[in-house]
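> Using the sequences and the accompanying hints, generate a full structural model.
Those sequence lines, one after another, are chains A and B.
In case it helps, the numbering used here puts the first sequence at residues 1 to 315.
In case it helps, the numbering used here puts the second sequence at residues 1 to 546.
Worth double-checking, as some hints may not be accurate.
[Stated by the list, open to error] Okay, derived cross-link-like pairs now, DSS-like style, lysine-lysine, Cα gap no bigger than 30 angstroms in a straight line:
(1) A:K230 with A:K220
(2) A:K153 with B:K496
(3) A:K225 with A:K130
(4) A:K123 with A:K220
(5) A:K130 with A:K153
(6) B:K544 with A:K153
No wet-lab data here; the hints were simulated from the structure.
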Amino acid sequence: MFSYCLRRCLAAVPVMIVVALFVFLLLRLSPGDPAAIIAGDMATPAQLERIRASLGLDQPLYLQFFQWTGALLRGDFGTSLMSNLPVTQLMAQRLEPTISLALFSIVLSVVIAVPMGVVAAWKHGSLIDKAVMSLSVLGFSVPVFVIGYLLIKLFAIDLGWLPVQGFSRLSESGFLPFLQHAILPATMLSTIYIALIARMTRASMLDVLGEDFIRTAHAKGASEKRVLFKHALRNAGVPILEVIGTGFALMITGVVVTESVFNIPGLGRLTVDAILSRDYPVIQGLILVTSGVYVLINLAIDLSYALLDPRIRYQ
Amino acid sequence: MTTLFSRRFSATRRRLLGGVAAATLLSTTCGAVSTLAAMPADASTIRAVMHSGLRVLDPITTTAHITRDHGYMIWDTLLGMDDQFQPQPQMADWSVSDDGMVYTFTLREGLEWHDGGQVTAADAVASFRRWADRDGGGQMLLDHVDSVEATDERTMTLTLSSPFAYVLELMAKPSSVPLFVMPERIASKSPDETLTVEDQIGSGPFTFVADEYDPGNRVVYEKFADYVPREEPASWTAGGKVVDVDRVEWINMSDAQTALNALNSGEIDFLESPSVDLLPVLQANPDLTVEKINELGSQTIGRFNFLYPPFDDPEIRRAALTAMNQTDVLASLIGNPEFYTTCDSMYGCQTPLATEAGAPETLATGGGTEAASEMLEAAGYDGTPVVMMQPTDAPTVSPQPVIAAQLLRQAGFQVDLQPMDWQTLVTRRASQQPPGEGGWNMFFTNWYIPEVWNPLVSPMLNGRGADGGWFGWPDDAELESMREAFAKAESDEDRKAIAERIQAHAFEQVTYIPLGEYSIPAAWNNDLSGILHSPVPVFWNITKAE
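And the structure:
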């Protein structure tokens with residue numbers, strides 16, 4: 001197991017190198033000049049040149065690349081061209097809102113979607129099944145920002161139970177203020193994943209429920225609950241886990257709309273801000289970290305297969 | 001039987017107890033949550049949503065308005081400007097020698113830095129140099145300066161090398177780039193090197209809370225207890241900067257609807273720049289005040305590239321000017337006529353130099369299409385396409401090119417409207433390459449009126465050509481000579497007369513096209529009072545009810 005993990009981690013290194021090179025070139029070759037953005041409307045060409053030089057953007061591309069990767073190897077992600085703050089500090093500031101919201105949302109999704117999918121498969125063809133599937137289609141089809149605004153209208157504006165925006169850090173304010181601020185965005189974010197996981201659970205469960213061992217379990221007198229959750233769900237778990245893992249990775253890296261609607265200072269908004277201001281070091285750092293997150297989550301998903309299915313072994 | 005009953009009872013009881021516990025937890029949570037949600041904001045804190053997030057912390061390096069506004073929070077200015085466009089003492093009083101060649105600035109007493117220590121004339125001198133190196137008006141002033149030095153602890157002396165009557169107006173200008181006074185060790189940095197978080201030390205009415213700074217998201221200021229405001233009433237950036245709150249938080253909200261909801265629900269106190277579409281919702285709330293604080297507003301403009309065809313030909317530029325129609329542009333940009341007005345003055349219509357000199361009759365309301373077609377034909381236009389840059393991600397500059405392109409097409413121009421994001425436009429407009437090789441022919445932008453209110457501060461009224469001019473780069477010696485005369489004019493009458501001549505000349509050469517003015521009101525909670533009407537949003541003078 002350890003050597004497998006080590007091999008997977010080492011295999012990620014060339015992936016990260018390619019990502020780093022690709023991102024670096026993509027940014028430098030796309031239109032946009034951080035110096036012009038910093039200087040603003042009144043800058044003369046001479047002033048722009050001077051600012052470019054002070055940012056090191058007048059140096060040859062290969063030199064800029066080697067300087068950046070050299071610093072990376074020392075654990076230095078560079079400094080934001082706009083705010084003059086270390087990229088690691090900027091990412092650290094935004095990490096907690098994103099991670100805590102993603103965790104909360106994925107837990108919410110799993111807690112709601114898995115039972116929904118199991119019941120839909122169990123009552124296959126019934127009114128419950130059709131209701132679950134209809135809700136899934138609805139969850140897929142309605143844009144998340146519409147759901148967000150509807151939730152705000154109902155719970156924040158009309159009922160006044162919850163704030164309309166903002167975020168309260170779990171580490172600073174405790175659970176209740178965190179819950180107060182996170183419940184609506186987590187619900188909004190979860191909608192699509194509830195739909196996705198419920199459908200996947202239902203499909204996977206339907207496959208497993210037709211297997212011989214399920215008939216055997218019934219014949220042995222096992223209760224319906226035991227058959228569904230102990231025998232069937234565990235065997236149907238691998239594809240469900242894959243969807244959950246991928247969903248979690250997507251939540252960490254792509255929740256810009258949710259963060260904008262609820263004004264949450266997370267990584268998504270940091271990424272968009274950095275792209276709009278052509279803040280190269282921040283964009284590069286964020287994409288590298290995102291790639292790393294994907295590699296680690298995929299590794300975690302692969303390892304968890306063995307927990308669900310003892311037949312799976314890693315060599 | 002008993003055992004079975006007991007098991008059933010036990011299970012039922014467990015479910016019942018679990019339900020009660022869950023209900024209790026839910027009601028407690030909901031109760032606590034609703035209590036928290038309804039909790040009023042701290043009475044000594046103003047929570048404001050500004051027009052954008054603060055990312056660059058150097059108000060000298062960048063001309064971004066949010067950074068300028070940040071500058072006014074923590075740094076003070078040597079001079080201020082009042083609502084009559086008159087320079088007034090702020091950190092310093094001044095005297096001028098009889099021949100007008102020596103300006104002596106004396107710092108008032110009680111000026112202290114946020115980290116301790118007195119503000120000295122050496123700080124003012126270093127700040128002046130850094131500002132003048134970066135600011136267009138400052139550079140022009142510097143051309144006429146023989147020396148600037150600290151003659152004692154509290155006295156800065158500026159000696160001119162040639163007559164220049166606009167010294168005080170330039171040093172007092174309220175908008176990009178104002179002359180903020182910084183400690184000498186910070187002001188000694190090159191203006192090409194942006195200031196850091198550690199450099200946010202000023203002597204202004206608020207201090208910068210570095211620990212709570214989250215770039216692009218949140219910035220926090222606290223009242224500077226040792227700040228001694230002037231005794232005169234506040235007017236624009238002049239007068240007493242009296243702070244009545246302990247803390248100001250700027251929270252960036254990228255979504256206009258979210259900002260509106262937050263103001264309506266009392267989670268924020270002040271919204272600087274609400275979306276025009278959403279104003280009726282705010283106006284319907286009796287707990288809010290919706291009012292223009294920047295009454296001068298902004299001017300929207302179109303600018304040609306003078307280096308390449310077709311707009312290197314003044315006849316063709318004049319045809320394009322004749323085809324324009326401010327009303328159509330403004331209706332598309334703002335929509336509600338309550339918030340815009342046509343204006344034939346390049347200096348803004350509410351400024352001392354406002355004039356209609358040289359403006360074509362058709363500019364405000366249109367009707368020049370036929371005349372423009374004839375002018376275009378007479379000029380021998382060969383169908384060279386006009387590469388017009390259209391930013392699609394900036395609502396305040398996105399509609400102008402669409403309308404302008406249509407007006408030009410109706411007059412017979414070939415227009416290549418190229419959509420792009422604003423930052424691409426900002427980069428591309430600096431390119432002096434031909435339009436087909438990454439250059440351009442026309443773009444649009446907006447200016448605060450205090451940034452265009454006279455020929456010296458307006459970046460467009462600059463005829464220094466490709467080396468020293470603003471994007472578009474007209475090479476116009478006559479314009480430069482008139483600006484020089486304006487700078488030396490000693491009476492208001494002379495200045496006004498020269499400004500009229502400059503505008504007439506600029507319209508004749510079509511240096512740029514003013515496309516009208518607009519002013520979007522701000523909105524705030526009625527708990528706030530004393531909000532100053534000013535071209536820059538300031539947070540002194542404001543009181544928040546308990």
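> Please name the hints from earlier in the document that this structure breaks, with their numbers sorted from lowest to highest.
2
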